[in-house]
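Trainee: Quick note, the sequences are listed as chains A, B and C, same order. Mapping the first sequence onto full-length UniProt numbering, position 15 (from 1) lands on 15, and the numbers just tick up by one. Mapping the second sequence onto full-length UniProt numbering, position 77 (from 1) lands on 77, and the numbers just tick up by one. Mapping the third sequence onto full-length UniProt numbering, position 69 (from 1) lands on 69, and the numbers just tick up by one.
Hints are supplied without guarantee of correctness; some may be wrong.
Okay, derived cross-link-like pairs now, DSSO-like style, lysine-lysine, Cα gap no bigger than 27 Å in a straight line [said to hold, decoys possible]: (1) A/K226 with C/K157; (2) A/K154 with C/K157; (3) A/K292 with A/K2.
The set of hints was computed from the structure by calculation and includes no laboratory data. Computed from a predicted structure; not experimentally measured.
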Amino acid sequence: MKYPTQKIALMYFAVALGLFAVQVSMGLLIGWIYVSPNFLSEVLPFNIGRMLHTNSLVVWLLLGFFGAAYYLIPEESERDIHSPFLAYLQLGILVLGTLGVVVTYLFSLFKGSLLFGFSGREFIEQPIWVKIGIAVAAVIFLYNISMTVLKGRKTAITNILLLGLWLMVLLFLFAFYNPANLALDKQYWWFVIHLWVEATWELVMASILAFLVLKLTGVDREVIEKWLYIIVALALFSGILGTGHHYYWIGMPPYWQWIGNIFSSLEVAPLFAMMAFTFVMVWKGRRDHPNKAALLWSLGCSVVAFFGAGVWGFLHTLHGINYYTHGTQITAAHGHLAFYGAYVMLNLAMFSYAMPILRNRDPYNQVLNMGAFWLMTAGMAFMTFTLTFAGTIQTHMQRVEGVDYMSVQDQLWIFYVMRFGSGVAVVIGAYILIYALAFPRREVVKAGPVQSHKSAETPAE
Amino acid sequence: MTATQGWLVLVALSVGSTLLAWSGSTGAVAAVAILALAWVKAQIVLNVYLGLSQVPAWSRGFAFVLGLFMLGAMGLAVAAGAV
Amino acid sequence: MSDSDESGGESDFYALPGDLMMWILIISELLVFGAGLLAFMAMRVTDPAGFTAAQGHLNATAAGINTVVLVTSGWLAALALKASEAGQVARVRLLLAAAASLGMLFLWIKGMEYAGKAAEGINFETHTFFTFYFLLTGFHALHVLAGIVILALVGWKASPRNLEVGTAFWHMVDLVWVLLFPIIYLLR
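Just need the whole structure built from these sequences, with the hints factored in.
Mentor: In structure tokens:
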């Protein structure tokens, strides 16, 4: 760690990891409700559990991105963060908002109140006061990092990161606009989470990956920047109009079907480019960085993102196919693998890289960390397969044969049991990972001659 | 081929394909002929206007993908005539 | 067409004339239009008679004239690049102005065509043919408009490098049209 204010990131990462634990635990709980539908139906209805699962996911990913920005911007801009106080204030507002959301959801408080009660739009259910808090925190964040970047060295990595984060915050403003016309409501609703994951977060992802690859492989910055620009151009070109694939069945004009088909098919391109990028850079690399776990997460991120977001997204993006699969377990399969691959793994890569440095010690617990990687990734892959099979059967029985929804759900029970099993693996993996990152002792396995030689020779950077 | 020569060929081919369509000839042969003229025009734009003839590797790559596209279009044109 | 040596390997990656990012854009655009045109051709297989009837409402002659207009404009842009390499800035600007004017002529003819369709009460939803017709020619017309702006910009800052980048975009617009024109207007 070169700049004292990078330390801000540690607090963000800590809160993010806490919410990560909440998110996966809640996932396990609602996964069990699929197996035994009356479980907790009075105390914690499924819709509330699901809100907590998805909302905490988004919030911890965002906290991870904010933390990553506070970590990497000083290093790239070669100066300290403009105002550490504002950074902690921002975190405080977000934590307060998150607690408010959890309490409001759990106890179903202020029902019907516009300002304090939760609203019904999926993923942006937060009460208005929380939304305002998020917006204020976001503006503080943008001010803080923009001031830092403006005064310091400008690199492609910070430029792209800032672009992604600015666009993300601007798009969040659509969460406040809720027209009465349902088609219009949906049209703007897709701007918030979905234009994030398909456009602006991809910029964030590309720049964070570029930073990690730069540090871990030691490839020339020029080469990395060229790739970064290509990836970003492809992501913006395909991602913005690619959102048309959400406009197939919501009352928008039918030409959206063709715009959505064509542009969203191209969304595979930036994801493929990112995968090619990480592998080519590791192959060309000149540095043998001691933090193997961070490298594993970086490579894994680009691969699983390609499959989860790219391949599994393409599976049901064409409107002729989506007409049948829309809203079935196919969507759930894609959603799980895409979020895990693209954004969860990205954050975990950054945590694995930065946390040892922030705590000023060697990357301990790498073996445990890598074990958690394989447990979580294998669990997620298995979950994706079970949900894909469940979705295929569901599509056929419900949409082709016309069997009613609940009868089909009964037939899918065995898949939900298997999904729960894979969920257990993911949650255990997540707990192990959190332990490995947060409670360092020493490496569980004694390093061999090559690794210990390298660790001694290349101090962690 | 210079830009001017390329332009003259492009104009001639454009007039040619319009006349072909005007002549009222329909069916698979006419469709393939019109698409073949478009194929040549696209190659001229790529190699002469866009200057890909200076970069043979890229020129071959573009020609290959364009070829796949044109063959696909021709196949679909013939299929539409056959239905 | 070429007498330059073939050089394999990585150097070719950076050997494309102009700016790499412009080529990324060009390739992306070509993929989009290519996919759109193939989707059009595939939909046409499902209803050849309906597509032919719908196509009867189009004016192939006006579109043919537009083809000549656009390839001529492309030629002027190519000459402008040559002139800029020779350092003749005044000639560059004259040629670019002519190229951009032909672009505007193209848009004017296109506008007449759209007005004619509107007068007939034809819109996006009249027939699948017209969905594709408006989408593909509309997207293309937007690129012509963008191209005119780009030509104006590179005419203002008329360095050979800028010209290479700007005219490459204009040629891409040309290339899309020479493929789009026969497929939408002529095949029957």
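Trainee: Give a verdict on every hint.
Mentor: Tested hints:
1. A/K226 with C/K157: 24 Å, holds
2. A/K154 with C/K157: 25 Å, holds
3. A/K292 with A/K2: 21 Å, holds
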